[in-house]
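Enquirer: The residues making up each chain are set out below.
Protein chains: 2
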Amino acid sequence: MSAPPLKLALLGCGSVGSQVVRLLREQADDLTARVGAPIELVGVAVRRPELQRDAEVPAELLTTDAAGLVARDDVDLVIEVIGGIEPSRALILAALENGASVVTANKALLAEDGSTLFAAAEKAGRDLYFEAAVAGAIPILRPLRESLAGDRVTRVLGIVNGTTNFILDKMDTLGSGFAEVLEEAQALGYAEADPTADVEGYDAAAKAAILASLAFHTRVTAADVYREGISEVSAADVASAREMGCVVKLLAICELREGPDGPAVSARVHPAMIPRSHPLASVREAFNAVFVESEAAGQLMFYGPGAGGAPTASAVLGDLVTVARNRLNDVRGAGESAYADLDVLPMGETETRYHVAIDVDDRAGVLAQVAQTFAAHQVSIQTVRQEGHGDDAQLVVVSHRAADSALAATVDTLRKLDFVHDVSSVMRVEGDF
Amino acid sequence: MSAPPLKLALLGCGSVGSQVVRLLREQADDLTARVGAPIELVGVAVRRPELQRDAEVPAELLTTDAAGLVARDDVDLVIEVIGGIEPSRALILAALENGASVVTANKALLAEDGSTLFAAAEKAGRDLYFEAAVAGAIPILRPLRESLAGDRVTRVLGIVNGTTNFILDKMDTLGSGFAEVLEEAQALGYAEADPTADVEGYDAAAKAAILASLAFHTRVTAADVYREGISEVSAADVASAREMGCVVKLLAICELREGPDGPAVSARVHPAMIPRSHPLASVREAFNAVFVESEAAGQLMFYGPGAGGAPTASAVLGDLVTVARNRLNDVRGAGESAYADLDVLPMGETETRYHVAIDVDDRAGVLAQVAQTFAAHQVSIQTVRQEGHGDDAQLVVVSHRAADSALAATVDTLRKLDFVHDVSSVMRVEGDF
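If you read the protein sequences in the order shown, they are chains A and B.
Using this note's numbering, the first residue of the first sequence is number 3, and each one after it goes up by one.
Using this note's numbering, the first residue of the second sequence is number 3, and each one after it goes up by one.
Where hints are given, some of them may not hold.
Pairwise CB distance ranges, derived in the manner of DEER restraints [as the list claims (entries may be wrong)]:
no., chain 1, residue 1, chain 2, residue 2, range
1, B, Glu245, A, Thr156, 56 to 62 angstroms
2, B, Glu245, A, Ala366, 52 to 58 angstroms
3, B, Asp115, A, Arg278, 41 to 47 angstroms
4, A, Gly101, B, Ala73, 40 to 46 angstroms
5, B, Ala35, A, Gly350, 28 to 34 angstroms
6, A, Ala241, B, Glu185, 42 to 48 angstroms
What the simulated footprint calls covered on chain B by chain A, stretch by stretch (three residues with Cβ under 8 angstroms from a Cβ of chain A suffice, anywhere in the stretch; the number is not a length) [said to hold, decoys possible]:
no., region
7, 31–44
8, 142–153
9, 302–316
10, 320–332
11, 336–344
In silico DSBU-like cross-links for lysine-lysine, where the CA-CA straight-line distance does not exceed 35 angstroms [claimed, not checked]:
no., chain 1, residue 1, chain 2, residue 2
12, B, Lys9, A, Lys9
13, B, Lys418, A, Lys9
14, B, Lys9, B, Lys125
15, A, Lys9, A, Lys125
16, A, Lys125, B, Lys418
By construction, these hints were calculated from the structure, which means they are not laboratory data.
Predicted model, so just to flag it, every value in this text is computed and none were measured.
Cβ atoms here follow ideal geometry from the backbone N, Cα and C, with glycine treated the same way.
Work the whole structure out from these sequences, hints included.
Expert: This is the structure we're talking about:
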């Protein structure tokens, strides 16, 4: 209790940063007891100090000189909640070089260039923690990295983007189309004016890269992650999922698979149908959840708020307590672990399952020809359902697992058949049913 | 990688211990990479070495001399999976005194006398980790202790006993009575021949004590935990819950409440009705889940298998990797934290809500008199439902929150009213609805 204060610099003071300031103040006594020394906020770097902020940040702490703040020789700890690649990367690297331990929520930076940051932390002998970068307040990185360190993780399925889950949940419950629900989400503040990063899966892909890296002890970057968003998901897709007892979710999927040269990683983000009985199916609105399968532990799920100022600040402060304790005891926590160094499979070589709805002529022989098309691409069929007749005749096919490229080629061939009017829904399927 | 091996002694080789041996062998390379040194199993203490075991434990490692094994001067790490109070306590204390770090799954011992163990670990400067003691493979202690260290946990609601959840789930889905389902659970291996520890809530109470201690930084023992089991839960209770859109679960409830002298802890285990919309309501069969509410993070849930050899071994090995890394770096992880030292409220002073079904005479004025009885005990009513008539007339009352003693006294008074034939169901209610 009598240890001198650890000095903290905060980079960024938006919705997360201002909640960090609030919690530092309100929980000061508890934090001191848990760390073993007080944490003293010595500076807050912001771009526009004139802005009104949620927390009462003492005006004398505000500075526009972030580089000068991290270069101070009395700073022990740095929290980075600016986001984006630059200046965050330069500031984090400078902080580490200057001997500070760093906590960041910056998923984009970690997914693009984590290895530079990890190397700098290693070289400096300091901690770099980032629980808040994936799934907000939900403790998922620490369980993956530490709790499951004696087990073999085989699969991570995550709903890691609240905006897209909100949209897909509304499409499912209201039967509405994508564009209509997106507008509602924007009005409610669940989607940004430019929703691209969320809706097209960029945000989820960055998180998938981080999850895959930790789960499989291999460097996976955002560029390694196959990515498809939800803007092409139609009300018909959602209705078709419902018919099958499924729901459509945007999933971040990280799997350990058998590749051509031994075990390999598949990392991808795309909409998928999952059975309503799957624990992820009941994740509603803007909540996040991460489902983990491992060899010994079996199936685990972690559920909670995936975004928001206070939840994200909770994750940042949990990391801060750990790195502050480490700092006080002059030790480092477990750093990056990339020893497995597995190959990342291209999407085409990843095995998936497809759900395909095909509008066809209502005449004899059609089903046989469709089945033959699948067989010609080495894709075996699990179920076929015939629906409607006359102009409304439709075949709904669910395949067994096959190479994604073979499934895509099958759909291309189907589109060219003369009795096929339209392939009206194509979507991957995850989970057993 | 070139560090010399860390030497491990295993105490107990039942369903968990034999899975630990298997994983140590199968994951040896991964464990070495994650720890930074190989882990070498140097002895396995068992009572009956002649038993056939799941894993092929090399015969030369088996010994009946557990005390001699932990006294060896080359042992760095000890795993205790014997269970029970003695000889486990003596062995763990001897191991710590001898300079070994310890991983245990022993909930009963931790809940009865954790403080002795924590003090010994502190004195020895070694780690004592115990993730496997609560909710099997589900990482819950580490998130509570570390991930949420910068937040204020206000409430933990856990389904932490698989046997009772299996029984209550079957009573709900099949409409069967307790005795009938217990027999089925025993036949399937979900319940022991003597089911007392599970069915009467002793197992859950030990886990509640551990959860409350970690969540509120206060020493809570099993004796501090109010406990009611499920043997009195009737098919009528379950049906009554269903009528209200609820399901009956055995909950371990740990709350931060305002006590007479400031913040205090309430820790209790009892059956409760929760709304079907609550995330815990969908926890089926023998699965476990822990629902955590905290000031900043909001609502989190952790879900997975709560028992079984392999899942529990996964949690043990996760801890083993951490304590082995700490050992290698000659540091200690976060030890016990009891700085808050809050009072534990007696059950009578804890605020709860009751659901009460009362068989009554079907005549005017009865509802008024029942309402008056609640009012006389300072208990306010949320809803009253009248059902049936004539001999089947029933009032179903759900109260607002009130002191548990006031609610219990209300029920006592109700039983004595001349128009009351029977109070046919009394159960506490948790969750908003």
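Enquirer: Failing hints, ascending?
Expert: Hint check: 1, 12, 13, 16 fail, others pass.
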